[in-house]
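Trainee: One-letter residues, chain by chain:
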Amino acid sequence: MEAHVVGPWRAALIAVEHHWTWYRRNWRATVISNFLQPVLFLLAMGVGFGSQVRQGEATGGHPYLVYLAPALLVITAAQNAMFESTWAVFSSFKWQRTYLAMVSTPITPAQVLHGQLLWIALRLASGTAVFLAVAAALGAITSPWALLAVPFATLAGMAFSAPVVAFAATREKPDSFNAVFRFVLMPMTLFTGAFFPLDQLPGWIHPLAWLTPVWHGIELTRGATFGTLGPLPALGHVAYLSALVALGVVLGRRYFHRRLAV
Amino acid sequence: MTNETSTADAPTPVRPRDGAGLLLRIVPPGLYAGRAHVLVERSYLVSRRGWMSVLSGFFEPLFFLFSLGYGLGRLVATVDGPGGPVPYAVFVAPALLAASAMNGAVFEATFNLFFKFKYAKTYDAVLATPLGPVDIALGEAAWCLIRGGLYSAGFLAVMLGFGLIGSPWALLALPACLLVALAFAAVGMAAATFMRSWHDFDLVQLAVMPLFLFSTTFYPLSVYPGWLQAVVQWTPLYHAIELMRGLTTGHVGWGALGHVAYFAVMALVGVVVAARRLGKLLLT
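Taken in sequence, the protein lines are chains A and B. Number 65 in UniProt numbering belongs to position 65 of the first sequence; there are no gaps in the numbering. Number 84 in UniProt numbering belongs to position 84 of the second sequence; there are no gaps in the numbering.
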């Protein structure tokens, strides 16, 4: 019999408040990886490398910086999601044991998960919004529709985050996170059309790329920014990404319950 | 004073290994036992359990090479290399080689050293044996080099397979990589001894990332305005990249010796500072 002293939503928000209380004091530590890194990346690749690129068909007729910026938003969301969904979650189970503390209150394991995911979503949304502002200041954003890129990138980031959080909840050691980083996140950022069109790669890679949330996210952000996105494909991408989030939540609830329920 | 402490801890001074002659005469007793190799052996034994993470480090530059060389390469016709315009893959591959030597060395030297030093207390255990801080510094540096050397050799082999090597000078790229890795590992180790907590690793990140992105890795120096070119030319990774690019394309001049000297000085300063700091932190 589960206690219902606080409502399910309220409980998840209390878990979010926990993260916020920590973050308010420690946000400086995240500035470099969440903000400075993507901006420097945009400068080096967009401006520096972009100066070498022939503007043409491959970049949709746009300057390389403009072509790269919306995709980089999705990459940033996925990169930020990586740490928050692996080591941070693992640490809350194993090292700091904050989750165990939470479930000793009326908050249930599922609510702990919801709070964690909600928190990650907030981080991704704020991180991408700030990055978008800087990109706009650098002249990388040309269309007001790019504002849509923030929710799209956040959704894509969460489609990666939610299943990874569920995975992290099953781990007894943090060793496999390096493998996730190198064999999932890295290829996902390099080979899913962010830096160059996917059709430049051999055909057998394409179906693999279509499976990744980053590819769908990039299709959405770029389509919105350049106005090439049809309503039906948009719906398809959003549906696929939402399905990944849902899958992560379902699995995560199971694993969180298994690990935290008394 | 360090000597007193260490001799008190180790009442029976162990006879140093033969052949460690000169170094022993300069280094005060208790700092160096001439047995750095056992620390390498320890690292090897530890890494056998986590071999996956060692092996996977090899894939990172490989992915980058595929992506940048073969994807981005099609967006760019040719880039100004050492001896005129070259295909983009030829341009970017040696730079990635240099960058991976830097990354590997810096992260091994800072993260692992800090963890062993602060949390695992590995070195406190090591110092309870006849080994001294100089053994630790040398042993850890040697291990960084072995690991870095393996990655570099693998990367060079891949470059050769893809026809990105244009000259027999490339044979020297491997020792050059080792020198670069040594210099970065030494400076990284010295830096790690100043770290207070994990938060300081953001500062390492803050140094390594701009180096990686802006040291002419992905585009030639001529992209920058004049004053910025001068700044870039002072940074270490720029010299590493110039060296590798020259060696793999076969455009080697006397300037290469300048790059080598840069890293020799960097390595020397790093080792001296690291050994001193480790001695001070561990023995007092």
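Note that these hints are calculated values from the structure, not bench results. Don't take every hint at face value.
[What the hints assert, rightly or not] Short, incomplete list of chain A residues facing chain B, as computed with Cβ under 8 Å:
#1 Ala-44
#2 Phe-49
#3 Ser-51
#4 Glu-172
#5 Pro-174
What you are looking at is a predicted structure, and each value in this text was computed from that prediction instead of being measured. Virtual Cβ for every residue (Gly too), placed ideally from N, Cα, C.
Trainee: Confirm or reject each hint.
Mentor: Tested hints:
1. This hint holds: A:Ala-44 has a C-beta 4 Å from the nearest C-beta of chain B, less than the 8 Å allowed.
2. Interface restraint check for A:Phe-49: the shortest CB-CB distance to chain B comes to about 5 Å, inside 8 Å, so the restraint holds.
3. Because the smallest distance between the Cβ of A:Ser-51 and any Cβ of chain B comes to about 5 Å, under 8 Å, the interface hint for this residue holds.
4. The interface hint given for A:Glu-172 is broken, as the beta carbon of that residue sits about 15 Å from the closest beta carbon of chain B, more than 8 Å.
5. Of the supplied interface hints, the one on A:Pro-174 is violated, with its beta-carbon coming no nearer than about 11 Å to a beta-carbon of chain B, more than 8 Å.
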